[in-house]
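Assemble the complex: chain A is given as a structure, and chain B must be docked to it using the hints.
Keeping their order, the protein sequence lines are chains A and B. Quick note on the UniProt record's numbering: the first sequence kicks off at 1 and runs consecutively. Quick note on the UniProt record's numbering: the second sequence kicks off at 1 and runs consecutively.
The reader is advised that the hints may include incorrect statements.
Identical copies look the same in the list; a pair holds intra-copy or inter-copy alike.
[What the hints assert, rightly or not] Straight-line C-alpha distance at most 35 Å; calculated DSBU-like pairs for lysine-lysine:
1. Lys476 to Lys531
2. Lys461 to Lys568
3. Lys347 to Lys476
4. Lys532 to Lys177
5. Lys161 to Lys49
6. Lys402 to Lys18
7. Lys347 to Lys534
8. Lys16 to Lys461
9. Lys81 to Lys583
10. Lys81 to Lys16
11. Lys81 to Lys177
12. Lys400 to Lys177
13. Lys571 to Lys476
14. Lys170 to Lys18
15. Lys476 to Lys182
16. Lys532 to Lys583
17. Lys170 to Lys49
18. Lys49 to Lys96
19. Lys568 to Lys476
20. Lys16 to Lys214
21. Lys347 to Lys531
22. Lys182 to Lys596
23. Lys96 to Lys81
24. Lys582 to Lys461
25. Lys214 to Lys367
In case anyone wonders, no lab produced these hints; they're calculated from the structure.
Number of protein chains: 2
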Amino acid sequence: MAEEPVSAVQLLRSQKVKLIEILSADADFVLQHADSRCLLSCRSYQQVKACHVPSEKTTELLDHIIQRGPEAAEGLIRLLKDEALQEAFPRLHFMKDQQVNTASSAHSSKVDALIFFSQPPDMADVVPSIGLVEDLAGPQHPEDSLVNHSEGQFFLNEAFKIIVDEVLNKGTDVQQKVCDWKEPEELAQLLDLELRAAGEPHHRLLERVRDVAKYSIKTSHPRFFNQQFAGVDYHSLAGRFLSEALNTNLYTYEAAPVFVLMENEVLRSLRLLIGWTEGDGIFCPGGSTSNMYAMNLARFQLFPEVKSQGLCGLPRLAIFTSSQSHYSVKKGAGFLGIGTDNVILVKVDDGGCMIPEDLDEKIALVKSQGTVPFIVSCTAGTTVQGAFDPLDRIADVCEKHKLWMHVDGAWGASVLFSKQHRHLLKGIERANSVAWNPHKLLLAGLQCSALLLRDCTGLLKRCHVANATYLFQQDKFYDLDLDIGNKSLQCSRKVDCLKLWLMWKAVGSSGLEERVNKAFFNARYFVQELKKRKGFYLLHEPEFLNICFWFIPPSLRGKEGNPDYQEKLAKVAPAIKERMMKKGSMMVGYQPLENKVNFFRMVVLSPLVSQEDMDFCLDEIERLGNDM
Amino acid sequence: MAEEPVSAVQLLRSQKVKLIEILSADADFVLQHADSRCLLSCRSYQQVKACHVPSEKTTELLDHIIQRGPEAAEGLIRLLKDEALQEAFPRLHFMKDQQVNTASSAHSSKVDALIFFSQPPDMADVVPSIGLVEDLAGPQHPEDSLVNHSEGQFFLNEAFKIIVDEVLNKGTDVQQKVCDWKEPEELAQLLDLELRAAGEPHHRLLERVRDVAKYSIKTSHPRFFNQQFAGVDYHSLAGRFLSEALNTNLYTYEAAPVFVLMENEVLRSLRLLIGWTEGDGIFCPGGSTSNMYAMNLARFQLFPEVKSQGLCGLPRLAIFTSSQSHYSVKKGAGFLGIGTDNVILVKVDDGGCMIPEDLDEKIALVKSQGTVPFIVSCTAGTTVQGAFDPLDRIADVCEKHKLWMHVDGAWGASVLFSKQHRHLLKGIERANSVAWNPHKLLLAGLQCSALLLRDCTGLLKRCHVANATYLFQQDKFYDLDLDIGNKSLQCSRKVDCLKLWLMWKAVGSSGLEERVNKAFFNARYFVQELKKRKGFYLLHEPEFLNICFWFIPPSLRGKEGNPDYQEKLAKVAPAIKERMMKKGSMMVGYQPLENKVNFFRMVVLSPLVSQEDMDFCLDEIERLGNDM
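For reference, chain A alone in the conformation it holds in the complex (with noise of 0.2 Å):
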């Protein structure tokens, strides 16, 4: 019977049990044949001769050897084999079968890096001292003094029970604040942050790792209502951190034969849910960049040679887009060379949502004065109301006027999910393209940003192809169309699939359908509660998460008709803030928006979040606010 040969080290552990019975019978003798060969450090040497235990002794001797590494258990072996070591202990004749696999021959040995990774943390400060600065010091290959996996995966365990107590159990208890805040100067003498020509001990590199996650704010933790996304999802985390262990590059099908597939699979499912039953897509690094891909294909749809003319001596391009919609739609008039002055702003109702009639006028406008319109860039949840612009409407306009209809819905997509609230984006199925942030509403974590396509022509492909035959060869074995880098304006590009995909398969789209139904639960029963009290005043009903609301302190109630009563209420909450940041109880933004002036904007989203947080975030309003 052929067994495949085992490791050295493997080896000696498995034969622990017998080799410390037969070996006890003399273990100081055993103990100075494998100091004479060197199989020992100083330090592990006389440890294992101060134990008096003759079966100590050897299982003292067995685990050091063990502990450090290939080389030294292939040393004992081979002294085991020795004549001088048989003669005296007969019964170690079984040894002489056992063939293993030399460490020389392998990186291999992995199941020692395991065993060395495993040691107790507080060696850590003195084990590294010893046995590692000898290996090195030993006859090792060059390489070794650079990554050590052993070294390393003990670091990387230590490090992510660090992640664990710190982020994912202090930073989600409600009795530990949501950030501890320090000014600029002071955490930056902290944090010692200068990078230095000498490298640090594992120990200092340790603390580092846990003084970087306690002055970090704590995204997950139930008071964190600051931002569109918030609370952490296990599922989608392991899937981030096999990401980047994979440190996958999501160019080809050779280079990410998994993702390739997997990403597709999602984005199709995502289409689905859009009501697409073909389509194209792509994962974007955050929303920003889903809005300017889809300007630049409805540019190079409507003008296909501006790819490689450029704008000069085509006419003066126009985007369409609400007063409230998402700054980066500006921002990517910018970058495109359309300029933000041809971004037309669109009026709004009172809650936030685009007036198509205001719409179509704007487009006859801007026709008759000979600028073309290409694109209308809607928002499904706007970023400080959370509006929904009326899609099956300003579909109708789209269609009159032959525009690219794109939906912003980084943040209001993922109510597709849910049967009882998408009627929310009625009209969505008749969009050109749909950006689409799971790692908001849906907690798959940053970044999760997708770009969704109706057309199924490959006009992706043809807006960002370059011949770049490097990567992209043409005479490869399998089928090209899975390159799918060649759709992409990055070139490296992060898988952002595998999260979702895991959070998916983890809790189903029912699990994610009770999410989003329970943010809208939540967030409707904060509405109530503000209601209750006095001095909170919203400003408009929210139709979904975020709730805009001004708190009126007691020294302004009952003075709305005073001149200074604006001017007095901007300060209100900008103070409250710096006040809730330095105590470090809770996070919640605030802003100015058109005419009115600062209020908060609550955002209710993770499902870690109770109705207890929910009162206590009025409560501690109330508390910060209630001298002024």
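Then chain B, alone, in the frame of chain A:
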């Protein structure tokens, strides 16, 4: 009486007293047997071994195994039923009849899960194990079903172990494949990618984690020579895990205090290596984006009105870059509305380096045609040949014509760490901007791409700022210059600085220098060995880490004069590549270049690569191509 079989953990727990009594007769014997079956982590083993009272030792042993979880518990039960133990402890006979539910069949053992995750000593104060267990069992709050920390962390912990095992151990083991090639249809079926309404149990999800790892390309494998990234750095990886767990969005000091300061410090340190004591910069999602940013900045500096008014009405603009520059220059020109035809390709010498005289002539020619040149994009380390454009001489040309000088050093800028080799970038300090990807040569992990600027006037912010009052409020209580999100075209932006910072802290600039020098050393070794062999021909003596060469199979040797020689040679590299992929033994890229037919491009960069791996590469090409 047919009792429900209990879990292994439950059984051990219920029989603990009896087992302690029996096994304490020879606690060391049991411990050594347990250790040789790998039932304990090394840390646990050390702790148990440290107990000197037999009953305590046995108690500790049982507790550690129970805490470790169902698999360890099942292993111990199998051991207790084993002949060796049954002989040593006759009273253990009762164990023979005990049946248990196996963990593999049971996601069920939530209790085990909870016990496991909540017991490690360092977490004990944070996680009230009883509370959690009760929460699960008792009447649940609706939110508990959505995100459960204890269950989630158990899953994350299990996934972490799989990641270490599959990606970091097997994935870096030369005895294992670099890729496990599957045809797309087969792979899609194996992975069962479809997303459904219902969720899946944890054990199934963990299998999925393993499958994703198993069928992905092992980019950290010592025989992955396919791309300009490879290898793994554990410090960086710990930084990446921490970044993912913190889920920070890098736009304001309020949202990302640690990372705003850290990014500034990392950028400052990179700039110092260029030779700039002042300047600006930002991390971008990849080098392509960095290059596009540089183009946009150069354009904005020349024509600030382009941001608001667009290109309409401006003269035709032109970009200059070498014929071997990265394809992102053209992609960027298309995206920015400049047009790919307005990217003027400058000639290169045999080594692939831009010829400054040709640049000067082409600029003059373009100007004479009424087109406005505005940027020269040089390359430090071209993608295929690894060529360094002569930066100092190009800087002279740029100064003469008053053009923005950009250096695409995505690949080559890391050489600045090496005193021995940094002469390759002489003149880089005269550039206006530099793109630098530490995720390539330095092993920082995807993505880590810095755009660095010499400008100190706030050009980057002026060029990209939009007035987003919900994020960049003007009445904050801290220095608004810290709200760096205004510099970016992204809104959501991942933290890419931490992994580089932590790695740099760990090994110091000197460690990174060593890494660069080692890569040069390895590349030179490969070239030297290649030259000794029959059938291998270099395109050109490499000056960097890209080694471009043909393998001439036996049937083509000496046939250089044949009319179909080139045609046949062109088919060799693709055919060998197909064989190597299907075998999974290694990965190395190939491509044609201008009039040169397909050749291999070997990239040696990872410190994990040994001389043996490089010898293997040459041997393997011979093996795979010898019948051609």
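When the structure is checked against the list of hints, which entries are broken? Sort them ascending. 6, 8, 9, 12 and 25
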